[in-house]
Amino acid sequence: MRKTVLALLVMLIGSLVVFASGQQEASSEQKVVELHMLAEQDVIAMVEGVIERFEADNPDITVELVTREVEAYKTAIQVAVGSGDAPDIFFVWSGEYTGKFVREGRLLDLTDYVRQGWPSEFFSATLDPFTLGESVWAIPYSLESKFLYYNTAHFDELGLDPPETWDELYTVARELNDAGYIPLTAGGSLGWQLAHYISLLNQKLLGTEHILRDYNLDRDPDELFAAPEYVEAIRMLVDLKEGGVFGPNVHALPYEAAQAQFYTGQASMFYGGTWTLAIWNGSNGLAPPEFRDQYALTSLPAVPDGAGDQGVVLGAPIGLAVSADSDVKEEAIAFLKYFTSQPNQRRVVTELNRLPATEGAVPDDAPSELKQISDTLAEATGMVGWLDTVVEISISNVYLNGLVAALNGSMTPEEVMEGVREQAVAVQEEIGRISY
Amino acid sequence: MSSRQSHTAFPYLFLAPSLLLFALFIAYPIAQNIINSLFRFSAISASRDYVGLDNFLRLLGDDVFWTSLLNTLRFAGASVVVQVGLGTVLAAFLHRGVTRLKNTYRFAIFVPMVMSVVAVGLLWTLIYDPIMGLFNQLLSFIGIEARGWLADPDTAIWAIIAAACWQYTGFTMVIVLAGMESISSQLYEAALIDGAGEVKSFFWITVPMVRHVIAVAVLITVIGSFKVFDYVWVMTRGGPAHASEVMTTYMYLLAFTTDRMGLGSAVASYIFGITLTITAFRIPSLRISR
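Chain order of the listed sequences is Y and E.
Heads up, the first sequence stops at 449 in our numbering, and the numbers go up one at a time, no gaps.
Heads up, the second sequence stops at 1047 in our numbering, and the numbers go up one at a time, no gaps.
Hints in this document: simulated from the structure, not taken from any laboratory.
Predicted, not measured: the structure shown is a model, and the values here were computed from it.
C-beta: ideal position from N, C-alpha, C; glycine also.
Among the clues, some could well be false.
Claimed, not checked - Chain Y is faced by these chain E residues, among others (derived, beta-carbon under 10 Å):
1) Ser799
2) Val821
3) Thr882
4) Met889
5) Gly900
6) Ala903
7) Arg904
8) Trp906
9) Leu907
10) Trp990
11) Gly995
12) Gly996
13) Thr1014
14) Thr1032
Construct all of the structure, not just a fragment, from the sequences and the given hints.
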C-alpha cells in the first residue's frame, strides 16, 4: 500500500515537473497576444483571416481572439482591467470610454509608435478622437458615422427632394404621411438611438465648443448643462413624434423593428449608422435584394438658426488599445501595425462594408454606398461623437433614460435636463473637471 | 483527548468541509460585499475612498432605487398570487378534478419550466412585439388597440411578471400536487358523506393539509422574486427609462454600466438584508406549522 502511494506521488510530482518545464519552454518560444473585440459576425470572420496571415508571417506570435456581445464586453473588460488581468489588446470606443481607462493609467501610450514609422497614415478624424491631451491612446481601424437614409422609390414617386432643413423635414413628412408611408422611423424604445439625434441637435443648436465644455464638466456647477438649447433639442425630438414625422408608436419600437420598417418600404427615412450597411446588405443581409437600389443617404437636416456649424456630421472612430500591464507590448504593437496596414484596411471596406481609418484605403471598386458616404464625409465640416460615449457614463445613463421617458411622455424635456444637471454636478464633485 | 471530547468534536469534523465551502463561497463574499458598500470606487481604479454609510443613504434619496424596490415587491406579490395561487388551484384540479390524461396535463403545464429563462424572455418579447406580436393580434380581435407592452412604462413590469408566471406556475403546481397526493383519500370520502362538495373539500381539507408545502412555495417564490434578473434583462433591461427596473438590474446597472461599484454593492446589501429578514421570519413559522 505504502509503495503504491509512494509511486503515485512520484508520478504526480514527475508529471508536474514535466508540465511546468513544458510551459516554460513554450512561453520562452511563443508569445501569446490576447485580443478582445465585439462579437460581430462579419468582423470576427475578417479578423480571424487577418490573424491567420499575421501568424503565418510571425510564427513566434500567437494571437488569441475573444469576442463578446456589447453589454457583456463592456462588463468583462471593466472587470478584467480592474482585476489586473486586462487583455493585451482590446476594443475601445473613442471619447470618455477610452478616457476613463486613460485617467486610471490602464492604457499604453502609443504616441511614439504612431509618430515613428507606422505603416499607414490615419485620417485626422479617426486619430484625433483617440488623442487625449498630447498622447495617442488607441489605434483606430474604422470610422463609424450616421446618415439619414431615405427610400428613393418613395421620394421619386412623390417628387420629393431629401430635406435640407428641419422645416423641410416636416414638409416632406406631410407628403409621405398622405401617401401612407411612415416618414421617419427610429428604435425609440432605446436611449442610444435617441441620443444620436440629440448628439447632433445639441451641436447644431449650441456649437461644438459649447457642448464639449459641458460634456467635460468644464464649467462652474451652476452653469453645467444650463443652456436652454439642451431642453430645446429634446423638445425638437419629441415634436418629431407629435408632429407626425415619426410614426405614432415610435417610442415602443426596438432598433431591429425600426430598421425592418425602413428596408421593407413601410418607412421612408431612417437615421442609421454606417454599420447598418453590413446588417442590411452583408453576407447574411436582412434586407430584400431589391432594397439595394432603393435608397440613398444624406446628412441630418440643418437647423438654420442654430448657433452651431450645420455642416458637422455625427460619427466617431472605433479602435484598439494596448493594456499598460501587457507583457507582450512589442508583439501587440506589431499586430496592430499589421491590422491597420493598407491591405487589411481595404478588407474593412470590401469585407465589412465599413469606412477605413486610414487614407487611400477605399478602392475604386468599393460599394457605391460607401463611396457616397466618403463623399458626404469629405463635404462635412466636422464631426461630433456619440453622446453616450463622450459624456461620463453615469451622466449619459441619466440622459439616455430621460430621452426615452420624454418620447413616451412620462417626463418633460425640462425634467430630463434637470436630472442631467443634477448628475453632472454630482459627478463633477466626485472626479472634478475632465482633463488629460 | 478524552473519548467524550473526541465524541463532541467528531460531528464537526464531518461538517468541516461544508463549513469551509460555506465560509469561502457564501460568508466571505457577503462580508466582502458589505465592506465594498462602504467605499466609493470604480472597477478599473486602483484606489478607493471610504465613504461610510453614504452609499446606503444616497440610495434612499434615489427615485430609481425606490422604483426598483417597488417593482421587486410587485414581482414578489404578483408571483405569489399567480404562481402559488393559480398553481395550487391547478394542482387541485389535477388531484381531484381531472381523471383522464392527468399526466399529459401535468406535463403540459410543467414544460415551460424546463426552458431556459433567456429563451422564454426572447419568446415573450416577440409575443409582445408592437408590430408583429401575437399578443396584439389576439387583442385586435376584441377591439383593443396595439401597443408596445414592454415599451410602455405603465405595463412593462407587468408584462415581464406575466412571462415569469407563465413559466413558473407549473413548478409550484408540481410541488403542491406532490403534497396533495399524500393526503389520505379517506378524508375526502368522510367529507363527501358529511355533504361537503369539491369546493368545500378544497378549502377545508386540501389547503390545510398542504399549508406547509404552500408556505415553502411562497418562500421560494418571494426569494426568487428578489433575485430575479434574467427576465428583466432580456426583455427590457430595466427600461423604458427605469420603469421596469428591479433591484438586481439596478445593482448591475450601477456597478457595471455606470461603474459605481460601491453603490452597486450597497444595493446588493439591501437585497441581502431584505431576503434574510423574510427568511428569518418564515423559517421558524414553517417549523411550527409542521
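Evaluation of the provided hints:
no.: 1; hint: Ser799; result: 7 Å, holds
no.: 2; hint: Val821; result: 8 Å, holds
no.: 3; hint: Thr882; result: 8 Å, holds
no.: 4; hint: Met889; result: 8 Å, holds
no.: 5; hint: Gly900; result: 18 Å, violated
no.: 6; hint: Ala903; result: 7 Å, holds
no.: 7; hint: Arg904; result: 7 Å, holds
no.: 8; hint: Trp906; result: 8 Å, holds
no.: 9; hint: Leu907; result: 8 Å, holds
no.: 10; hint: Trp990; result: 9 Å, holds
no.: 11; hint: Gly995; result: 9 Å, holds
no.: 12; hint: Gly996; result: 6 Å, holds
no.: 13; hint: Thr1014; result: 6 Å, holds
no.: 14; hint: Thr1032; result: 24 Å, violated
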